[in-house]
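All chains, please: the whole structure from these sequences, using the hints.
Top to bottom, those sequences are chains A and B.
Here the first sequence is numbered in my numbering, starting from 1 and rising by one per residue.
Here the second sequence is numbered in my numbering, starting from 1 and rising by one per residue.
It is worth saying that the hints were derived from the structure and are not from the lab.
Some clues are possibly wrong.
Label-pair restraints from in silico Cβ distances [unchecked claim]:
| id | chain 1 | residue 1 | chain 2 | residue 2 | range |
| --- | --- | --- | --- | --- | --- |
| 1 | A | Q3 | B | D63 | 37 to 45 Å |
| 2 | B | L84 | A | P80 | 19 to 27 Å |
| 3 | A | A53 | B | Q14 | 44 to 52 Å |
| 4 | B | N51 | A | K79 | 39 to 47 Å |
| 5 | B | L84 | A | T5 | 40 to 48 Å |
| 6 | A | S28 | B | D71 | 35 to 43 Å |
| 7 | B | K83 | A | S18 | 31 to 39 Å |
| 8 | A | K79 | B | Q41 | 24 to 32 Å |
| 9 | A | P112 | B | E18 | 45 to 53 Å |
Which bits of chain A does chain B cover? Going by a derived footprint, with three or more residues having C-beta under 8 Å, they are [claimed, not checked]:
| id | region |
| --- | --- |
| 10 | 37–43 |
| 11 | 100–110 |
Quick reminder that beta carbons are idealized off the backbone N, C-alpha and C, glycines included.
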Amino acid sequence: EDQVTQSPEALRLQEGESSSLNCSYTVSGLRGLFWYRQDPGKGPEFLFTLYSAGEEKEKERLKATLTKKESFLHITAPKPEDSATYLCAVQASSSNTGKLIFGQGTTLQVKP
Amino acid sequence: EPEVTQTPSHQVTQMGQEVILRCVPISNHLYFYWYRQILGQKVEFLVSFYNNEISEKSEIFDDQFSVERPDGSNFTLKIRSTKLEDSAMYFCASIAETQYFGPGTRLLVL
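The following block contains the structure:
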């Protein structure tokens with residue numbers, strides 16, 4: 001069964017304190033791995049797509065990396081406005097419709 | 001920048017009533033999706049829709065649910081007889097290279 005697990009469930013950082021969020025996945029075949037940001041009561045906001053092991057993408061203070069079993073979202077020198085829930089999702093080869101399988105998310109709080 | 005829109009933003013209904021949630025996907029996208037997120041839980045896939053028909057559905061998407069693209073722009077999710085456990089955020093999404101999500105409809109069934 002295709003599955004996505006994120007850790008930790010919650011993370012509290014001081015402003016400027018860098019850290020990483022983990023997304024472990026078990027899929028029959030990976031078509032793509034997606035990172036989204038979700039603010040309370042809002043829809044997921046697209047951040048990155050990664051397709052193959054070794055791939056990396058960056059956007060401002062965020063950097064996403066991918067291995068054959070997991071992905072990391074690195075947050076460098078976070079600011080309070082980075083506080084949100086970060087969702088990881090995969091597209092598996094078992095589906096040809098592009099549906100996403102989500103992890104439960106990591107809720108990040110950055111204190112000033 | 002094009003975006004997915006959803007209406008209403010909030011809906012309160014009585015158990016057993018029918019509700020229709022509406023979405024306007026991004027115009028040149030071809031695949032459309034509905035997901036739901038029960039409070040505190042994962043975002044869950046409900047259904048995908050392509051070329052005016054359902055292409056895949058989850059176990060959650062039973063006979064109480066239906067989807068329709070009544071015209072060239074709207075994409076709807078209908079729940080025929082709502083249950084308490086249908087209370088959730090419902091998200092519409094459409095895809096080009098990636099899936100873009102709408103802001104969601106918060107459905108509360110009393």
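Quick rundown of the hints versus the structure:
At roughly 27 Å, the beta carbons of Q3 of chain A and D63 of chain B sit outside the given window of 37 to 45 Å. Between L84 of chain B and P80 of chain A, the C-beta spacing of about 37 Å breaks the proposed range 19 to 27 Å. For A53 of chain A paired with Q14 of chain B, a C-beta distance near 50 Å keeps the hint of 44 to 52 Å intact. Distance hint check: the CB atoms of N51 of chain B and K79 of chain A are about 44 Å apart, consistent with the given range 39 to 47 Å.
Distance hint check: the CB atoms of L84 of chain B and T5 of chain A are about 29 Å apart, inconsistent with the given range 40 to 48 Å. Between S28 of chain A and D71 of chain B the CB atoms are about 37 Å apart, so this pair conforms to the stated range of 35 to 43 Å. Checked against the hint of 31 to 39 Å, the C-beta distance between K83 of chain B and S18 of chain A comes to roughly 45 Å, which is inconsistent with it. The beta-carbon spacing between K79 of chain A and Q41 of chain B, approximately 28 Å, falls within the hinted interval of 24 to 32 Å.
Restraint check, P112 of chain A to E18 of chain B: a C-beta distance of roughly 47 Å satisfies the suggested window 45 to 53 Å. Beta-carbon proximity to chain B at under 8 Å applies to 3 residues in the region 37–43 of chain A; the threshold of 3 is reached and the given coverage holds. A stretch counts as covered by a chain when three or more of its residues have a beta carbon under 8 Å from one of that chain; for the region 100–110 of chain A and chain B the count is 6, and the coverage holds.
In terms of the numbered hints stated before, the structure departs from hints 1, 2, 5, 7, listed from lowest to highest.
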